[in-house]
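Chain by chain, the residues:
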Amino acid sequence: MSPRDLDRAPRSIGADTEGGVSRRAFLTASAAVGGGVMLNFSIPAFAQREGSAPEAAATLNAYIRIAPNGETFIVAKNPEIGQGVKTSFPMIVAEELDVAWKDVRAEDAEVDPKRYGAQFAGGSLSIPMNYEILRRTGAAARLMLVTAAARTWKVPVEECETADGVVYHKGKNKQATYGQLADEAARVPPPNPMTVKLKDPKDFKIIGQPIGGVDSPRIVRGEPIFGIDVSVPGMKYAVYEKSPVYNGKFVSANLDELRAMPGIRGVYVIKGNVTELDAGLYNGLTDGVAIVADKWHQANRALSKLQAKWDNGETGTRSTEGFVAKAAELAKGDYEKEIKKEGDVDEALKGAAKVVEARYEYPFVNHCALEPMNTTASLKNGRLEIWSPTQMPGGGKTAVSKAFGIPEDKITLHVTRSGAGFGRRLSNDFMMEAVAIAKEHGEPVKLVRNRRQDMQSGVFRVGGFHHLKAGLDAQGKLIALRNHFVTFSNSGKVAGSGNLNATEFPQGYVQNIDYGLSMIPLDVPTGPMRAPQSNTVAFVYQSFIDELAHAAGKDPLQFQLDLLGPPKQPVVNKGPFGEQVGFNNARMAGVLKAVAERSGWGKKLPKGTGMGLACYFSHQGYFAEVVQATVNPKTGDVKVDKVWVAGDVGRQIVNPSAGSNQVEGSAIDGVSQALAQVLTFTNGAVNQTNFHDYPLLRMHQAPKVDVHFVITENNTTGLGEPALPPVVPALTNAIFAATGKRVRTLPINPAELKSA
Amino acid sequence: MSYTINVNGKPRTVEVEADTPLLWVLRDELELKGSKFGCGMGLCGACTVHINGNPTRSCVTPISAVGEAQVTTIEGIGENPTGKKVQDAWLALDVMQCGYCQAGQIMSATALLNRTAKPTDKDIDDAMSGNICRCATYTRIRAAIKQAAGLPTEDTREMA
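Chains as they are written, first to last, in the numbering used here: chain A, 1 to 756; chain B, 1 to 160.
Do not take every clue at face value.
Distance condition first, Cα-Cα at most 25 Å in a straight line; then the derived DMTMM-like pairs of lysine to aspartate or glutamate [stated by the list, open to error]:
| no. | chain 1 | residue 1 | chain 2 | residue 2 |
| --- | --- | --- | --- | --- |
| 1 | A | Lys326 | A | Glu276 |
| 2 | A | Lys114 | A | Glu347 |
| 3 | A | Lys642 | B | Asp125 |
| 4 | A | Lys704 | B | Glu15 |
| 5 | A | Lys295 | B | Glu15 |
Since the hints were made in silico from the structure, they are not lab data.
Generate the whole structure from the sequences, applying the supplied hints.
As structure tokens, then:
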């Protein structure tokens, strides 16, 4: 899978998962070690249907083990980064298996694509890619247990019932637990999982219940379950210092001075291997100084004494000021590359009753996962063992294998719980560094970045500049929209997550469209961050649509509903994750109306307080949000009072507790970005180093959040990302409502909002 | 240097340099990995422990400054009746997303409730604003603190 696919995923997955699944699905059963039954269920992934590329033809499967005492072990195959997959995957299997949740034990999976297919945490794809597969897995296993009981009792399968891990035959007054039946069930020929009967959702007992995270009891006790907590025998600790400028070449350093410091076991210069920056996920290794010590603090202390010289080349000349100037220069001319052209924008603008122009800008930002990037690696006798909090284990394993010439079958990768990811851990540069150091040093090492390194050595959310021009007719209807988007390039290609879709709304809803882009050379890794691309484009487009509503003299809600128009049949295409259902305007109108109602949209507010509205479709989710904000006239400080969220992710919220937690977090995350987050570059290096100069939102600033799910008869899709994009423009639109001042540059600058 | 410090009610002796932060003594010498490294500058609160009951950022507290004080970590906080209530409330309200910051949050919350049994929203803001939750579980942290205090869990902060 390419990183581009992750950017596209939001728009492309979901579709109908009932039809078209290959008949090649199969289930295998065997006796489990220590008693019970082990079930391996494999079906070609929904995305990977007949006719798709062979490299995509991996299988997905799930794994169930039932012990004689009824304990049911269910593997959650995807990395847990706080999105709740370790709980929700077993919930789905357990529902159809018909066991009591108290008997379920969630298990982590090894990284094994042959057994589990795609294993990653990205694109809000875990639920849409696996919901039906996991249900069928549970249902097939249940049927095997029932069949075992029916054979023993010599009754028809259809006369048996199940509940909470017990099979019953009421007529004969028989019952047996799954634990008792497991050995026999393992001998039952596995049924075709695609034809097993699934529960009627109204009979769900686990799916749809608010169930607490399975790791949470261990977390409140402080048990060591994160990557940074890994400890292996004989392990040393390492830090790795690179140039503050991406891919700066090592020249010289005071290495001997560091070697003499307490606890230092080795100081090495490691040469990088990056020649060209791939536009997207970043698995590169660049020049650096590795410091290995008995304890991490000793390595970090030595690091504070490091004086290194780097050759930073062309990248070392770049700065935020330079980017802004270059964008202004590019904006004066035509765009370099057309993205989408329909109708005739110039002609339409000539006849427009009103023309609105605006320039929007947003900065680079950092994911700032609170657990710093880290990995533990041990290389012994040609076998490599890795423990890593990664979102993309398969990609990491392959990158390490290629870079160090170790065959993948000689690499064992243990995926630990991640102290959040937000897309940062889809790149495995830190894994590459840990392996390079372990190889150089010859003992197992745990590499942990300090916060400064984590802040400056990122795979950043890319900045950008949009130059918009729109025409309204005499009735205030949008008739033309042009966008000259100035983005960044890496190795000549659009930088990771720095694109603009040809189908970006309101394309398809406005007759005359002209989108195009120009690029500023960057040569610093950028990539997906929670709702990649959407998290910036939503700000631009939804703010501009609010501007247009005001220019048209219309209520922003009514303007959005008018723009969406009457329900249209969504387009269905084939794409990297299977059949793709395109934008459905009726679902968007549905969430807009819901959020307006819940927030009391249109109500009278005191002076200095305003409500803003925005909506966005990403990751197959439809979200409309209203923000109420109050601006202090003297200081311009913005207080976000409350966020109302209405979301439509289909017919089922798998775990309403984790689901609403994701939405609350996304809303506050977006507010945090909009209020204060910005990375700037000077001489090619990021200036910010820690949370004093890159402030994250704190308790006293956190708004109230009202979460409402609009349930519709559409397939169930993911919740990790789509609630974020609309909150940013909802906030900036609220500021306009409160002050009459339009925020067109992020982060929000209070100095520009003062009115007294 | 040899230091003997009191951690979760037991004396523990370690051989470390005087400037070694308490956090790294706990994590790497004593294998108490519940206290987390987030920033190394006392900015995020993930490393919060109690020193004589006061919430303290262990990443900026050198071992040489600990002396005879009682250090309590997340691993020991369940022994404190308030700490146990806070842990239970965290589970009951399913506060966690990634969970990385939550040890520090629980330590700060427990210290608050030991000091102020029935905190206001303002008390919560003041006591908890040193702890960053990158997943932004703040609404649930606020509610869980109130639940642990036996208060209604609604957010009562005024808004226009």
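Cross-check of the supplied hints:
1. Using a Cα cut-off of 25 Å, the hinted pair Lys326(A) and Glu276(A) holds, with the two alpha carbons roughly 23 Å apart.
2. With a CA separation close to 56 Å, the supplied pair Lys114(A) and Glu347(A) exceeds the 25 Å bound.
3. This hinted pair checks out: Lys642(A) and Asp125(B) have alpha carbons roughly 16 Å apart, not beyond 25 Å.
4. The suggested pairing of Lys704(A) with Glu15(B) is violated, with an alpha-carbon distance near 48 Å, which exceeds 25 Å.
5. In summary, the hint linking Lys295(A) to Glu15(B) is supported, as the alpha carbons are separated by about 12 Å, within the 25 Å threshold.
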